[in-house]
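Asker: Residue-level listing of the chains:
Protein chains: 2
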Amino acid sequence: METKEQFQTAEQEENEALYGVSQETIQALEDALEDNKVEEVARLIEPLHAADVAIVIEYLPPSLRHNLIELLRPKFDPEILADLNDIVREEVVEQLGTEDIAKAISKLESDDALSLIEYLDEDQRKEVLKSIPIGERVILEEVLTYPEDSAARLMQREIVCVPNFWSVADTLKYIAKEKHLPEKFYDLFVVDPKHMPIGGVPLSLLLRQPPATKISDIMLADIKRIPAFMDQEEVALLFRKYGLVSAPVVDEGGRIVGMITVDDVVDVIEEEAEKDIMLLGRVNESDFYEPLLSTSYSRIRWLMITLLNMVLAATVISQFQETIEKMVALAVLMPINAAMSGNAGMQVVTVTVRAIATRELGGVNMSRAIWKEVIVGLINGIVFGGLMGAIAALWFSDPALGMVLGGALILNMMVAAVGGVVMPILIDRMNMDPAISAGPILTTTTDLLGFATFLGFARIFLI
Amino acid sequence: METKEQFQTAEQEENEALYGVSQETIQALEDALEDNKVEEVARLIEPLHAADVAIVIEYLPPSLRHNLIELLRPKFDPEILADLNDIVREEVVEQLGTEDIAKAISKLESDDALSLIEYLDEDQRKEVLKSIPIGERVILEEVLTYPEDSAARLMQREIVCVPNFWSVADTLKYIAKEKHLPEKFYDLFVVDPKHMPIGGVPLSLLLRQPPATKISDIMLADIKRIPAFMDQEEVALLFRKYGLVSAPVVDEGGRIVGMITVDDVVDVIEEEAEKDIMLLGRVNESDFYEPLLSTSYSRIRWLMITLLNMVLAATVISQFQETIEKMVALAVLMPINAAMSGNAGMQVVTVTVRAIATRELGGVNMSRAIWKEVIVGLINGIVFGGLMGAIAALWFSDPALGMVLGGALILNMMVAAVGGVVMPILIDRMNMDPAISAGPILTTTTDLLGFATFLGFARIFLI
Numbered sequence: 001m002e003t004k005e006q007f008q009t010a011e012q013e014e015n016e017a018l019y020g021v022s023q024e025t026i027q028a029l030e031d032a033l034e035d036n037k038v039e040e041v042a043r044l045i046e047p048l049h050a051a052d053v054a055i056v057i058e059y060l061p062p063s064l065r066h067n068l069i070e071l072l073r074p075k076f077d078p079e080i081l082a083d084l085n086d087i088v089r090e091e092v093v094e095q096l097g098t099e100d101i102a103k104a105i106s107k108l109e110s111d112d113a114l115s116l117i118e119y120l121d122e123d124q125r126k127e128v129l130k131s132i133p134i135g136e137r138v139i140l141e142e143v144l145t146y147p148e149d150s151a152a153r154l155m156q157r158e159i160v161c162v163p164n165f166w167s168v169a170d171t172l173k174y175i176a177k178e179k180h181l182p183e184k185f186y187d188l189f190v191v192d193p194k195h196m197p198i199g200g201v202p203l204s205l206l207l208r209q210p211p212a213t214k215i216s217d218i219m220l221a222d223i224k225r226i227p228a229f230m231d232q233e234e235v236a237l238l239f240r241k242y243g244l245v246s247a248p249v250v251d252e253g254g255r256i257v258g259m260i261t262v263d264d265v266v267d268v269i270e271e272e273a274e275k276d277i278m279l280l281g282r283v284n285e286s287d288f289y290e291p292l293l294s295t296s297y298s299r300i301r302w303l304m305i306t307l308l309n310m311v312l313a314a315t316v317i318s319q320f321q322e323t324i325e326k327m328v329a330l331a332v333l334m335p336i337n338a339a340m341s342g343n344a345g346m347q348v349v350t351v352t353v354r355a356i357a358t359r360e361l362g363g364v365n366m367s368r369a370i371w372k373e374v375i376v377g378l379i380n381g382i383v384f385g386g387l388m389g390a391i392a393a394l395w396f397s398d399p400a401l402g403m404v405l406g407g408a409l410i411l412n413m414m415v416a417a418v419g420g421v422v423m424p425i426l427i428d429r430m431n432m433d434p435a436i437s438a439g440p441i442l443t444t445t446t447d448l449l450g451f452a453t454f455l456g457f458a459r460i461f462l463i
Numbered sequence: 001m002e003t004k005e006q007f008q009t010a011e012q013e014e015n016e017a018l019y020g021v022s023q024e025t026i027q028a029l030e031d032a033l034e035d036n037k038v039e040e041v042a043r044l045i046e047p048l049h050a051a052d053v054a055i056v057i058e059y060l061p062p063s064l065r066h067n068l069i070e071l072l073r074p075k076f077d078p079e080i081l082a083d084l085n086d087i088v089r090e091e092v093v094e095q096l097g098t099e100d101i102a103k104a105i106s107k108l109e110s111d112d113a114l115s116l117i118e119y120l121d122e123d124q125r126k127e128v129l130k131s132i133p134i135g136e137r138v139i140l141e142e143v144l145t146y147p148e149d150s151a152a153r154l155m156q157r158e159i160v161c162v163p164n165f166w167s168v169a170d171t172l173k174y175i176a177k178e179k180h181l182p183e184k185f186y187d188l189f190v191v192d193p194k195h196m197p198i199g200g201v202p203l204s205l206l207l208r209q210p211p212a213t214k215i216s217d218i219m220l221a222d223i224k225r226i227p228a229f230m231d232q233e234e235v236a237l238l239f240r241k242y243g244l245v246s247a248p249v250v251d252e253g254g255r256i257v258g259m260i261t262v263d264d265v266v267d268v269i270e271e272e273a274e275k276d277i278m279l280l281g282r283v284n285e286s287d288f289y290e291p292l293l294s295t296s297y298s299r300i301r302w303l304m305i306t307l308l309n310m311v312l313a314a315t316v317i318s319q320f321q322e323t324i325e326k327m328v329a330l331a332v333l334m335p336i337n338a339a340m341s342g343n344a345g346m347q348v349v350t351v352t353v354r355a356i357a358t359r360e361l362g363g364v365n366m367s368r369a370i371w372k373e374v375i376v377g378l379i380n381g382i383v384f385g386g387l388m389g390a391i392a393a394l395w396f397s398d399p400a401l402g403m404v405l406g407g408a409l410i411l412n413m414m415v416a417a418v419g420g421v422v423m424p425i426l427i428d429r430m431n432m433d434p435a436i437s438a439g440p441i442l443t444t445t446t447d448l449l450g451f452a453t454f455l456g457f458a459r460i461f462l463i
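Just so you know, the sequences run in chain order A and B. The opening residue of the first sequence carries number 1 in our numbering; numbering runs sequentially from there. The opening residue of the second sequence carries number 1 in our numbering; numbering runs sequentially from there.
Heads up, a few of these hints could be off.
To be verified - Straight-line distance between alpha carbons at most 20 angstroms, and here's what the computed EDC-like set of lysine to aspartate or glutamate pairs gives:
1) A/224 - B/83
2) B/224 - A/136
3) A/107 - A/141
4) A/214 - B/99
5) A/75 - A/122
6) A/275 - B/267
7) A/241 - B/217
8) A/184 - B/77
9) A/103 - A/122
10) A/173 - A/112
11) B/103 - B/77
12) A/224 - B/217
13) B/173 - A/170
14) B/241 - A/46
The hints are simulated quantities; they were obtained by calculation from the structure and are not laboratory data.
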C-alpha cells in the first residue's frame, strides 16, 4: 500500500518536469494566443524541447494552431515537424509552404530530412527538392529510389568508417578532426578497401584500449549487415533481438551506404504494433488526430463490412422463419452461438496475427500451433457447449433444445479455432496483411455458420 | 512491380544469414537430439548467438527441449534465459535448478541479473540469492525493494560518473583505467558533490573535444532524470519522445543510482503494446507459448464474460417472445442492431485505450475527444440507421419496421460512441487498466441495449 502511494506521488511530482509541458502551460498558451499576446507566447514556447512544441501544436484547436505556426514561422525548428502526428503535420506543412520547408530540411541530417520529405505529396516533394542545395538533393533523391518502409529509408548517410589497419590512436585523431561526421554515433564501422563492412567497434570499447592497438584486433566481426531493401519491420526485429544500438546498411553489392540507429527503430516498433492494434480494432492508424469527417468516413468503411456480414446473417435467419415461429425459444438462444464462436475465433486471430508479426510463428512450428488451436477449440467447445446446453435445457425445460444448442456450439467453436489460426497464415502466405482481413472474414464465417447450424439442427431435430 | 520483386528476393536471401538460425538448422537439431548425437548438437549450437539459441529452445517440442538443456547445462549461457519467452523460461529454470541459475546470474550485469531473478518465484528467489556472492547480492536485494515495473527494475547499477571540474583528458584517462565500468555505455553522467546528476556527455561528443576542455563546458544540462519509482511505461514514453539512448535514474533524494539504456526500453515498448493488443483481443499475453491446458483455461476465463453477456442478452430477448411470435421478421433483424453498435463501440474503445496509453489523450483535449466521438457516432448512426432502415423496409415491405430498426440503430450507435470514449477514461481514472475491462463492459451494454431498444420500439410501434 505504502509503496503504491509513494509511487503515485513521486510519479505525479516528477511528470511535469520530465514531460516539459504541463496542462497549465498549454492553457496559458491558449489564452495568450486567443488574446494575440505575441511576447507571452514566445516566452512560453522558448524553453520547450521540439518534441514538446509538437505536443502543444497537436493539443491546440485548429484556429489557434494556425496562429501559433505563423508566430513560429520566422525561426521554425524542423525537428518539430518530425515529432508531429501525420495528420497535423500535413496541415502545418500546407501552412508553412514549400520554400520554408526546404529551408528547414537543409538543416537536418539525411534520415530526418528524408522522413519529412516522405510525408509530402508528389508536387510538394518536387518543389521542395528544387529548393535544396544540389549536394544534399542528390543524396535524398537517391534514397528516395528505395521502396517505402525499406531499411534505406530509415538510414542516415552520415557514418564513421575506418580501415582495419588503423590504430586506436589513428581512429581517435580522425574522429577529433573530421568535419563530416554524424551528430551522434555509438559504433564505428570497419570497412575493407571495397567499402564492405567487416566489423564494428562500440565507442565504449574503443575508449578502453591502449592507443597502439590495431582496430583489427578489437573489432567485433559479428555485426549485422542490414540490406538496404530489407523491410523496416524486419529491421526492428533484428535490433530488438540482438540488442543493437546501430547497424550498417549495405547495398546489393555489400558496400556500406549508411547506418540505422536505434532511435529510428524505436519508432518503427511502436508504429508496427500500433498498426496491428488499430487494424484488429477495425480503425485507421491515425484515427485519433484525423479530422471529424474523415474519421467518420474511415470508420464507416470498416463498419460496412459488419453491415454486409449482418445482412448475410439476417438472410440466413430468414430461411428459418417458419421454424422460429413454431419455437420462439430459438430466437432467444440463437445469438449465443454466433457470439461465442465469433469471440473465440477472434482470440485465435489475435494470437496468430501477432505471432506472425513477431516471427514467433514460422514454418517449423506451424503444424504444432494449428494442432494446439484445434484441441483448445475442442476443449472449449465442449466446456461451453455443455454449460450452455445445460442452461438452455433447464431454462426451457427441453433437453433436446439443450442438446441442439450444445452440439452447434461445439461444432462452431472448433471451426472458429481452426479458421482463426489457418486464415491469418494463408493471408500472410498470399503476401497480404492478416491484421486487416483475417478478423472480418472469420467473424462473417462464424456468424453465418453459427445461425445456420443452430437453426438447422433445430429444424431437423426439434420441429 | 520490379522493385517489389527485387525487394522480396533480397529479403529472402539475406534473412537466413541475419537471423542466424534457419529452418534447416532447427530440423537438423531435432534429428540430432532424437538420435542423441551429442557432438552433432554441439556443432550446430556452437556458432549461434544466445538470442538464436533461445529461439531454437522455444521451437523444440518439450521432450527434445529437455534433452537440449541437459546438454547445454555444463556451460549454460545466462543470456539465453534473458531471451526466452516467460513460459519456456520457467520450464528451463525449473530444470536447471537454483544452484546453476545462481552461478549463471553472478556472471551478468545488474539489470540482466535482476530481470532473471524477477522471474523466479519467492522460494526459488531466496535460494538463488543465497548462492550469489554478498557484494552483488546486496545490490540485487536493494533493487528488489522497488516496485515491479518501476524504472529501478530496468536500470543497471554500473554507470560512468564524472565531476564537472574534470577535463576531457582526465575523463578519457579515467575511462581507460577504471575497472568497474559498464560493458557498454553511450553517455557519461556529470554529477555534483552530492552525487546528483547535473548533465550528460554523449561519447561521440566527448571524442570531438580538445583534451584541455572542461567537462562543465561541454556537458548537456538538459538531461532527463528518471525517478527510480517511475512506471516503466512512462520511461519508455520518455525515451521515445526525446530520442534518448541512456538516462540516469535518481532516488528520492535526487542522487544518481543507476542508468537505463535504450535496449531495455525497446523491450518495454514492445511488451506494453503487446499487452494492449492481447487484452483488446481478450487473450493472455504469453498465450502463444503457454501449454495447451493453461491456454484453454485462460481463454475460457475470457469467454465466460461473453457467455454471461449472451445469457443476459437472451434474458432480454425472452421478455419479447410474444412480440417475436407475432412478427418473426424481428428475429431476422434483431442481431443487426447489437452487432453494429458493438463493433462501432469497439472502434472507439480501441482508439481511446491507445490514446490513453500513449498519452495522446490527456486532461486538456479530453472534452474535445469526447465531443468528436459523439458527433462521429451521430453521423455514423444516421448513415447506418438510414441505410439499414431502408433495406429492412424494402425487404419486408414494411416502412414502419424500417423506421423502428433505423431509429434503434441511431440511438445505439450514439450510445456506443459515448460509452466507447467515456468508459476507458473513467476506468483509467480509477487507476485500472482500460484495455482489460472497457471492451467487455461496452459490448455487454451495446448488446443488451441493442436488443432491448429494437424489440422494445417494435412492441410499442408495430404490434
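Asker: None of the hints should be skipped; say for each whether it holds.
Answerer: Against the structure, the hints come out as follows:
| no. | hint | in the structure |
| --- | --- | --- |
| 1 | A/224 - B/83 | holds (18 angstroms) |
| 2 | B/224 - A/136 | violated (33 angstroms) |
| 3 | A/107 - A/141 | holds (16 angstroms) |
| 4 | A/214 - B/99 | violated (41 angstroms) |
| 5 | A/75 - A/122 | violated (26 angstroms) |
| 6 | A/275 - B/267 | holds (18 angstroms) |
| 7 | A/241 - B/217 | violated (38 angstroms) |
| 8 | A/184 - B/77 | violated (32 angstroms) |
| 9 | A/103 - A/122 | holds (18 angstroms) |
| 10 | A/173 - A/112 | violated (28 angstroms) |
| 11 | B/103 - B/77 | holds (10 angstroms) |
| 12 | A/224 - B/217 | violated (36 angstroms) |
| 13 | B/173 - A/170 | holds (17 angstroms) |
| 14 | B/241 - A/46 | holds (18 angstroms) |
Consistency note: the structure conflicts with the earlier hints numbered 2, 4, 5, 7, 8, 10 and 12.
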